[in-house]
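Guided by the hints, dock chain Y onto chain F, whose structure is given.
Number of protein chains: 2
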Amino acid sequence: MPISDRLLLGPGPSNPYPEAVAALARPMLGHMDPEFIAIMDETMARLRTVFRTDNALTFPVSGTGSAGMEACFVNLVQAGDTVIVGVNGVFGERMCEVARRCGADVVRVDEEWGLPLDPQRLLDAQREHPEARLVAVVHAETSTGVENDVAPLAALRDTDTLLLVDTVTSLGGIPVEIDGWNVDAAYSGTQKCLGVPPGLSPVTFSPRAVERIQTRALPPQSWYLDVSLIANYVDGDSRVYHHTAPVSMVMSLHAALGALLDEGLEAAWARHRSVGTRLQASLPDLGFRLVVPDGHRLPELTTAWLPDDADDAALRTALLTTYGIEVGGGLGKFAGKAWRIGLMGHSARDRSVTTLLGALRELLG
Amino acid sequence: MPISDRLLLGPGPSNPYPEAVAALARPMLGHMDPEFIAIMDETMARLRTVFRTDNALTFPVSGTGSAGMEACFVNLVQAGDTVIVGVNGVFGERMCEVARRCGADVVRVDEEWGLPLDPQRLLDAQREHPEARLVAVVHAETSTGVENDVAPLAALRDTDTLLLVDTVTSLGGIPVEIDGWNVDAAYSGTQKCLGVPPGLSPVTFSPRAVERIQTRALPPQSWYLDVSLIANYVDGDSRVYHHTAPVSMVMSLHAALGALLDEGLEAAWARHRSVGTRLQASLPDLGFRLVVPDGHRLPELTTAWLPDDADDAALRTALLTTYGIEVGGGLGKFAGKAWRIGLMGHSARDRSVTTLLGALRELLG
Numbered sequence: 001m002p003i004s005d006r007l008l009l010g011p012g013p014s015n016p017y018p019e020a021v022a023a024l025a026r027p028m029l030g031h032m033d034p035e036f037i038a039i040m041d042e043t044m045a046r047l048r049t050v051f052r053t054d055n056a057l058t059f060p061v062s063g064t065g066s067a068g069m070e071a072c073f074v075n076l077v078q079a080g081d082t083v084i085v086g087v088n089g090v091f092g093e094r095m096c097e098v099a100r101r102c103g104a105d106v107v108r109v110d111e112e113w114g115l116p117l118d119p120q121r122l123l124d125a126q127r128e129h130p131e132a133r134l135v136a137v138v139h140a141e142t143s144t145g146v147e148n149d150v151a152p153l154a155a156l157r158d159t160d161t162l163l164l165v166d167t168v169t170s171l172g173g174i175p176v177e178i179d180g181w182n183v184d185a186a187y188s189g190t191q192k193c194l195g196v197p198p199g200l201s202p203v204t205f206s207p208r209a210v211e212r213i214q215t216r217a218l219p220p221q222s223w224y225l226d227v228s229l230i231a232n233y234v235d236g237d238s239r240v241y242h243h244t245a246p247v248s249m250v251m252s253l254h255a256a257l258g259a260l261l262d263e264g265l266e267a268a269w270a271r272h273r274s275v276g277t278r279l280q281a282s283l284p285d286l287g288f289r290l291v292v293p294d295g296h297r298l299p300e301l302t303t304a305w306l307p308d309d310a311d312d313a314a315l316r317t318a319l320l321t322t323y324g325i326e327v328g329g330g331l332g333k334f335a336g337k338a339w340r341i342g343l344m345g346h347s348a349r350d351r352s353v354t355t356l357l358g359a360l361r362e363l364l365g
Numbered sequence: 001m002p003i004s005d006r007l008l009l010g011p012g013p014s015n016p017y018p019e020a021v022a023a024l025a026r027p028m029l030g031h032m033d034p035e036f037i038a039i040m041d042e043t044m045a046r047l048r049t050v051f052r053t054d055n056a057l058t059f060p061v062s063g064t065g066s067a068g069m070e071a072c073f074v075n076l077v078q079a080g081d082t083v084i085v086g087v088n089g090v091f092g093e094r095m096c097e098v099a100r101r102c103g104a105d106v107v108r109v110d111e112e113w114g115l116p117l118d119p120q121r122l123l124d125a126q127r128e129h130p131e132a133r134l135v136a137v138v139h140a141e142t143s144t145g146v147e148n149d150v151a152p153l154a155a156l157r158d159t160d161t162l163l164l165v166d167t168v169t170s171l172g173g174i175p176v177e178i179d180g181w182n183v184d185a186a187y188s189g190t191q192k193c194l195g196v197p198p199g200l201s202p203v204t205f206s207p208r209a210v211e212r213i214q215t216r217a218l219p220p221q222s223w224y225l226d227v228s229l230i231a232n233y234v235d236g237d238s239r240v241y242h243h244t245a246p247v248s249m250v251m252s253l254h255a256a257l258g259a260l261l262d263e264g265l266e267a268a269w270a271r272h273r274s275v276g277t278r279l280q281a282s283l284p285d286l287g288f289r290l291v292v293p294d295g296h297r298l299p300e301l302t303t304a305w306l307p308d309d310a311d312d313a314a315l316r317t318a319l320l321t322t323y324g325i326e327v328g329g330g331l332g333k334f335a336g337k338a339w340r341i342g343l344m345g346h347s348a349r350d351r352s353v354t355t356l357l358g359a360l361r362e363l364l365g
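Top to bottom, those sequences are chains F and Y.
With the numbering used here as the guide, the letters of the first sequence map in order to residues 1 to 365.
With the numbering used here as the guide, the letters of the second sequence map in order to residues 1 to 365.
Looking at chain F on its own, in the form it has when it is part of the complex (with noise of 0.2 Å):
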């Protein structure tokens, strides 16, 4: 069976750093080994640096990024709780999802796809719904390559709602700034701009959202996911067995976030912002548009409508195919009619850009 080498320019997974796969091949050690617990510390110090906090409870899921966007919503929400989602996109569909399975009233607040959110309009749910456990927005949707704006409700640290934000395709790609924005809970992806196989997914809790946590009246409906079990294993003296933790899988994102940090947080996200600026200017001569107005893009994220001529489905063939690049399809409403164009992690060179103009060139010349 052929493997081919792709160039990994959808949605996720991108390309992993060298550094990601090499660690994945590294001699396996035991979950309880001294020497693991040390990686795994070193992992949550790497990755408390690169989501700005200083939360102890910063650690990675042993599932990919919806399996921490559940770790959140179980173990912060309780059946009957009020939660108010923001939705414009795949994602902030499925965190609706999520909160009704664990009981929760979801308050939607609905942008149309390919806008940003106003955050104002989450505040102002919030001030008609103060008993809210929590306000839930998608930092980088990954369905329409909106930026929704999250540094403004930092002014819900004044309430008692929680703010919970998806971080899957913003981290170690555009600013996050976990304390900045007094964010109390977020998730991410290693698939994306951290440049790491899917399988984890980080995560991160403030001193707030732990308080929420320890405070339940009932235990979390999921046990794999009950972070307070975890804790007992990532953080603190008496590392308890809880599951065993997928070793390769903490041994690669170890390596890469020691990637991502000799390189600097913000050289990394400077590369992000070059390299879709570039593809962003550049795609409009090809005959596509722009989904999403100037001043919301996601520079790791591009969605652009296709040609009008242009067949989606057999140009994504011939991409992949004759030159081994993948790109994304539409996701829901956008499906058939736009592309999803990512340029993360190790992905986001400027080589990505040039190589994905060339092939565009040729296939639609």
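Hints are not guaranteed to be accurate.
[Unchecked claim] Some chain F residues well away from chain Y (every beta-carbon gap over 12 Å; in silico):
1) E131
2) S274
3) L306
4) A310
5) G358
[Stated by the list, open to error] If you want the footprint, here are the derived chain F segments under chain Y, 3+ residues with CB under 8 Å:
6) 97-103
7) 217-228
Rather than coming from a laboratory, the hints here were simulated on the basis of the structure.
Predicted, not measured: the structure shown is a model, and the values here were computed from it.
For glycine and all other residues, C-beta sits at the position ideal for the given N, C-alpha and C.
The following block gives chain Y in isolation, referenced to the frame of chain F:
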């Protein structure tokens, strides 16, 4: 930070097969890439061979063994259901806890740690509680080294009660006969006898279990582990995106299953049996006493009481630091008193037994 090259003879992870390690570093593929879909399909086919089942719904859950346990319970159980659980170790206890968090009324059938459950007692409990929706039992108790006899539970086929079996520490190491024993659902882990790093949980659901899932009144409380949604991605023509599959880990599982089936499943069982029997015959000469009565011992996981004058922690530290050998301490009631010695997957070699016995002779002599 130094990484030692361990001989992993604890309760898991074991040393992965070289083929599994090599596959981790294969070039990344998108989770919707036709080449990855083909690998996933073949992985599912190989899992069916190893589970000895024709069940269409057989796939790796994107989490560790405990995620597989939770996937089975959240999909098969609804709030208010009666569930019968056999408990003779930590993992039977864990099943009770997970079932309770699904809102189940749990009927326990307890047995002393280190002894096997009498399957007739589980059948009797079902006759007392014919309304029970599930009988759940651990095939290979990782905390005690006991094999619980599953075959007689096939009699549940004539009832409305499904049979759920934990095969985390048995699959690939000793005979597991999903169809032969009329098992309706089972989960496993990759880091034991399958010889893959930790991170995935193979699961399988019978047509009867699928029907149970399809006729639920409410969706499962977990979105991440909702088998009906995952089925649309792993199995079928639609290939609808649910969550991003952990691509590298699936490639690793695919490769290890290939190595296992090249060796032959029966040959792998015989290898585990042979090395385990040799270890169990040799340990008493060193002052260890086997915990489990003859006839109920797992070859792949041996529990032994420490020699009277031995210091658990000091001896394990010496094994680890001087010889690079990891063995497992006792779990729960056995902590500090017994060891758990694994001979699983790639670690199940005569060389491993020779190395461990030699090191113990030097340390205890």
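- Message: Going through the numbered hints above, which ones does this structure break? Give me the numbers in ascending order.
- Response: When the structure is compared with the hints, none of them turns out to be violated.
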